[in-house]
Amino acid sequence: MSNIIEGYLGVTPDTRKSRLPARLDWWQSATGLFLGLFMWGHMFFVSTILISKDFMYQVTRFFEGSFIFDEPKPILVSMIVFIVFAIFIVHAALALRKFPTNYRQYKIMKTHTVVLNHDDTKLWFVQAYTGFAMFFLGSIHLYTVMTQADKIGPYASADRVVSDWMWPLYILLLLAVELHGSIGLYRLAVKWGWFDGKNPKAARKRLKKIKWAVTVFFLTLGFVTLAAYIKIGIEHKDNYGERYHPSKIVKMPSCCLHQGGVV
Amino acid sequence: MSNITKGRELTFSILKYNPRDPESRPRFVEFKMYETTGMTLFIVLSKIREEMDADLSFDFVCRAGICGSCGMLVNGKPLLACRTLTADYPDGNIQIMPMPAFELIKDLSVNTGKWMDAMSMRVESWIHTNEVHDISALEDKVDPDIADETFELDRCIECGLCITSCGTALMRPDFIGPAGLNRVARFQIDPHDNRTNEDFYELVGDDDGIFGCMTLLACEDHCPKHLPLQQKIAYMRRKLVSVK
Chain D
852 MSNIIEGYLG VTPDTRKSRL PARLDWWQSA TGLFLGLFMW GHMFFVSTIL
902 ISKDFMYQVT RFFEGSFIFD EPKPILVSMI VFIVFAIFIV HAALALRKFP
952 TNYRQYKIMK THTVVLNHDD TKLWFVQAYT GFAMFFLGSI HLYTVMTQAD
1002 KIGPYASADR VVSDWMWPLY ILLLLAVELH GSIGLYRLAV KWGWFDGKNP
1052 KAARKRLKKI KWAVTVFFLT LGFVTLAAYI KIGIEHKDNY GERYHPSKIV
1102 KMPSCCLHQG GVV
Chain Y
168 MSNITKGREL TFSILKYNPR DPESRPRFVE FKMYETTGMT LFIVLSKIRE
218 EMDADLSFDF VCRAGICGSC GMLVNGKPLL ACRTLTADYP DGNIQIMPMP
268 AFELIKDLSV NTGKWMDAMS MRVESWIHTN EVHDISALED KVDPDIADET
318 FELDRCIECG LCITSCGTAL MRPDFIGPAG LNRVARFQID PHDNRTNEDF
368 YELVGDDDGI FGCMTLLACE DHCPKHLPLQ QKIAYMRRKL VSVK
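Heads up: the protein sequence lines correspond to chains D and Y, in order.
Per my numbering, the first sequence starts with residue 852, numbered consecutively.
Per my numbering, the second sequence starts with residue 168, numbered consecutively.
Rather than coming from a laboratory, the hints here were simulated on the basis of the structure.
Please note that a few of the clues may not be correct.
Here are a few chain Y residues that face chain D, going by a calculated C-beta distance under 8 Å [claimed, not checked]:
{"no.": "1", "residue": "366"}
{"no.": "2", "residue": "368"}
{"no.": "3", "residue": "401"}
Counterexamples of contact, computed for chain D against chain Y with all Cβ distances above 10 Å [claimed, not checked]:
{"no.": "4", "residue": "869"}
{"no.": "5", "residue": "963"}
{"no.": "6", "residue": "1052"}
Simulated restraints, written as ranges between beta carbons of each label pair [to be verified]:
{"no.": "7", "chain 1": "Y", "residue 1": "340", "chain 2": "D", "residue 2": "1026", "range": "42 to 48 Å"}
{"no.": "8", "chain 1": "D", "residue 1": "906", "chain 2": "Y", "residue 2": "310", "range": "43 to 49 Å"}
{"no.": "9", "chain 1": "Y", "residue 1": "361", "chain 2": "D", "residue 2": "953", "range": "40 to 46 Å"}
{"no.": "10", "chain 1": "Y", "residue 1": "284", "chain 2": "D", "residue 2": "1020", "range": "40 to 46 Å"}
{"no.": "11", "chain 1": "D", "residue 1": "906", "chain 2": "Y", "residue 2": "411", "range": "47 to 53 Å"}
{"no.": "12", "chain 1": "Y", "residue 1": "232", "chain 2": "D", "residue 2": "1020", "range": "34 to 40 Å"}
Just so it is clear, the structure is predicted and the values come from calculations on it, not from any experiment.
Virtual Cβ for every residue (Gly too), placed ideally from N, Cα, C.
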């Protein structure tokens, strides 16, 4: 009954305001923080291809439980992606509260952004656009990786990028993620006053500089990484589907065992 | 013979519209004028009304950045016209519009008073206490730092620039806005006010209040009194999000 009372009257049966708006605001920030930091980690993991195929393979095997199991367990990756996907959906649902929801709201916000020419207001619009784009781009990527977690590796990932035609989506997704994430983390810090110190104005200026440095760093790293996968994918096109075998744990013929066993 | 040299020619493009006149259409009207030393927009608008267009409406009271009556959009930026120098516009082209967040009275004149009154009522902008005071006795002492902090927020002149610069307030007219949140913070800090955070939650604990703020921070960047809006809005958010 309390649901009906609050739904129609706007107050709970004890005539208080619902605490839910506070919780929703907190959860929007918490899920955003998780996703922002997760994307930093994710970018470092995928960029291991820049060091070597073997290293990227080892990182992949690590997430498939190589530290416990002998055989790869891609289900572990699927489970991680499922959790991230769930948090992604919750964050998107909560962020929807902030979107312009009709023509008038969109029109005045767009006009205001152009006319006022204020940095943080413009960044908010970038966040709204990239957030909207990620409803689709992010969902496609997350669902693909969640259901094909066994196809992550130096060749499998490169095949997905090139032969499965995911590279256009990844270019857009990379731009959206890195812009949205870095702006979002900056906004989170000023929204809650985490690093205000004694001089919040100076702290904000510092955070803004860090934000741009982070954006440039991760966009550069992302595009160089994507280029590496595209190169491998093109070279591997004729052997589409073949899986990578790391050179360092390739079993040598018995005739060569006296020379060390592995290379 | 005058030895005063003519300054550069300035061009003002001013939005004119009377929403109460069915014949009126919103339009930009151009006025040209020679610049003089120390010229402010107050001087410009007064001269236009005196010499070029007696029908032009705009508001001024103190001419010193204290009363908060003359907020307007100058080349897109919310500013107090009395403190805005034409010398700050090197190309000499200045567009002036009324502040969009408020009810338009006519031309550059908007009803900030109506908005501020409603906000004051909504956040119950007065000291709430059950204590009975003997007005002939000395007042209770207040920690000087807390008094300073309270008076700092009391410096708001209700000019409305923060509301005009706030995209959230423009998009959602029911949003309490930075001026409203600043007012809540002022009473939350004041030890004379006996309201608890639970009480303040009842006033602004929703998406039209503190949780509607999207941290665009244009309020912080355009407040002519340099009030610590970024810091105090974050402070109120932390306080109210932890209300059980």
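Are there hints from earlier that the structure breaks, and if so, what are their numbers?
Checked against the structure, the hints that fail are numbers 1, 4, 5, 6, 7, 8, 10, 12, while the rest are satisfied.
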